[in-house]
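A.B. asks: Those protein sequences? They're chains G and Z, same order as listed.
Just so we're aligned: 67 in this note's numbering is position 67 of the first sequence, and the numbers increase by one with no gaps anywhere.
Just so we're aligned: 224 in this note's numbering is position 224 of the second sequence, and the numbers increase by one with no gaps anywhere.
It is possible that some hints are incorrect.
[To be verified] Pairs of lysine-lysine residues, derived as DSBU-like cross-links and limited to a Cα-Cα distance of at most 30 angstroms, are as follows:
hint	chain 1	residue 1	chain 2	residue 2
1	Z	Lys-173	G	Lys-235
2	Z	Lys-27	G	Lys-131
3	G	Lys-268	Z	Lys-27
4	Z	Lys-19	G	Lys-235
The hints are simulated quantities; they were obtained by calculation from the structure and are not laboratory data.
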Amino acid sequence: MRSGNPLGIEKSVLTKWHKGLTMELNSNGDTLLFTGLLYQMVPFITRVTRFLEKLESTIFERFLGVYGRASRYTSFGALLSMNIKPDKNPYFNKVKNIAVILSSLRIDFIYREELDNYSGILLFDMGDDEKFREHATHVSQLLEKAKINRVITIDPHTTYALKILYPEYTDFDIEVVNYLEIILENLKGEKEANSEKHVDGVTIHDPCFYARYLEIIDQPREILKKIGYDHIEVKNSRRMTSCCGGPIESISPVFSHEIAKNRIAELKSSNYQTVTMCPVCIGNFERCGYSIRDISDLILKGIV
Amino acid sequence: MKNVYQTIHTQQISEGIRKTLENLSSKVQENIRRYPFLIRYARELRAAKIEINNNFQYWIDASISTLEKAGIPVFLAKDAKMARKIIGEIIETGKIVVKTKSMVSEEIHLREYLQKLGNEVWETDLGELIIQVAGQRPMHMVVPALHLSEKDVIEILKKIGIHGNNAEDCTLKVREFLREKFIKANFGISGCNAFSAESGSIFLIENEGNIRLSTSLPETYISIIGIDKILPEDDFALKSIMVQSAFFGTFPPSYINIIRQRHPKKMYVVFLDNGRKKSDEKLKEQLLCVRCGRCQLECPVFQITGSVWGGDTYGGPMGMGWSAITSSISEEVYLSCICGKCKEVCPMDIDIPNIILYLRKKYLLC
């Protein structure tokens, strides 16, 4: 991972998400918005996964070991993603939304491109402890040198990596808060942000890592309630949520697709629009033909 | 992973699992709601099994001593080959053997071995018999033929001269077919759901009644017991079978068998180690498993692949750990989503995703 991310994409292509943002981002302070670059990578991941799905189970594939399968991401990633220009990345908007929401709630934070890095979670998931430790040490040292005291994370995988794994694998000693926690905390102090009741309810797809690994389950529900949405629990929700299939898209796009199909069937049965809060889930569902909204879209409309 | 890929095109597997899950999931919830003591039992059982894991040799010796005092011949097989040899020498050749569904016998490929020695061997659990006749592997530990339709089963059973018109008719005819085997059988073989070192009792649960017949009618009975099934006392063994059946979804089970002695009929016990005792700390956690199979049905990957994914014998998320203990680490550990649902539903609170991640680390180092 010389590029610092599993797709081998030049980092600046992912950190320019704030271009065109009307608000100004601070760069002096000790609370950092740490995007972990995962949202920004989704269009690239989708493109590579679609390509690899076509190759899967061909003779070509059978010669690859499992690790080879994952590292194809780097080989094909950079190649296939060359023509996704930063200003054409639709996932930049989701990160922008989050920045605007935080700012609207008067939550102080800074953003510095050089400090925002991929967490290395795929290395951990692959069982490559040493490379994960090396990567995590590099990322955490950058933060410590910059005297960052607190990071705000915006997706479940990066949150899990920084909050749970980094202290275990490195000397990382920085407070990690997830944006949903901090948004709820700040909404609690205010009146119902925009109490106009929305006619349609929403269904929540709980990302596995939020629900079962980090216990971030009630926060999105309470936020949605605050901004006037009723939520309807779908079959297999909260701690019993079903996986979207995304975690194995680098190993087997075909299986990942089949798993997504099963979850999509459960979500569709609610007849309400589905919201979630994980770029991996959103990306995988979209690849499999199911459009799902990111919670930040609703929060932005609800409070700004 | 070639075989795993074929499962995508076998829709009957996912349909069978979905139906089984729909049928059992609410029953598990209901069991927990109605009998809250089950959660306490599971916790107590976990603590007892940890103690056994940490002192395997002591508990193996205690179990052997109890059985020997009761006059029952006992063997300790260090691996599958030795277990097959011991049982082969007892049964020899030209015998009729009735078997109950047993994962530990799948683990040592016993049926095939006894057939090679020239014995007539019959599975007596309906689903397992269908799997035997079809020449397949069980698709789930408890519901081995969940992937086969009524039409498939009608066709498969024709191979042994059973011509049924529907599921009910087939079941009746299989009963008649097996009745003759039970009566003529020289040997009955079972696994063991829980073993009490205190009394030397073998605890077995079932819903069909075939275990009762297989373990009582034949002149000689052999029980194969994975050393992970040893528990200190009858109390824990009872709790274990309750937890196992409740978390699978069938509680209480139709029959509970407790077998001690069979005078004047003969009985043998074969304890099987096969990698269990030497498991390292991480893998020992897998040995706390009571094999209710709930993690399998709830796993998003298993819901597509059935037991084809997850190793040689056990399949699914728990199969990864069991295969590593009893056979080898499979490349298929990489197909797990690590989504954590297996841990969420495990009554024994086994951190299965952590075991799978550990196996990935070991696989990379190989």
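A.B. asks: Hints first: check each against the structure and report whether it holds.
C.D. replies: Tested hints:
In summary, the hint linking Lys-173/Z to Lys-235/G is not supported, as the alpha carbons are separated by about 40 angstroms, beyond the 30 angstroms threshold. For the proposed pair Lys-27/Z and Lys-131/G, the alpha carbon gap of about 45 angstroms is over 30 angstroms, so the pair is violated. Between Lys-268/G and Lys-27/Z the alpha-carbon distance is near 24 angstroms, which keeps this suggested pair within the 30 angstroms criterion. For the hint pairing Lys-19/Z with Lys-235/G, the CA-to-CA distance comes to about 15 angstroms; that is within 30 angstroms, so the pair holds.
In this structure, the hints that do not hold are numbers 1 and 2, in rising order.
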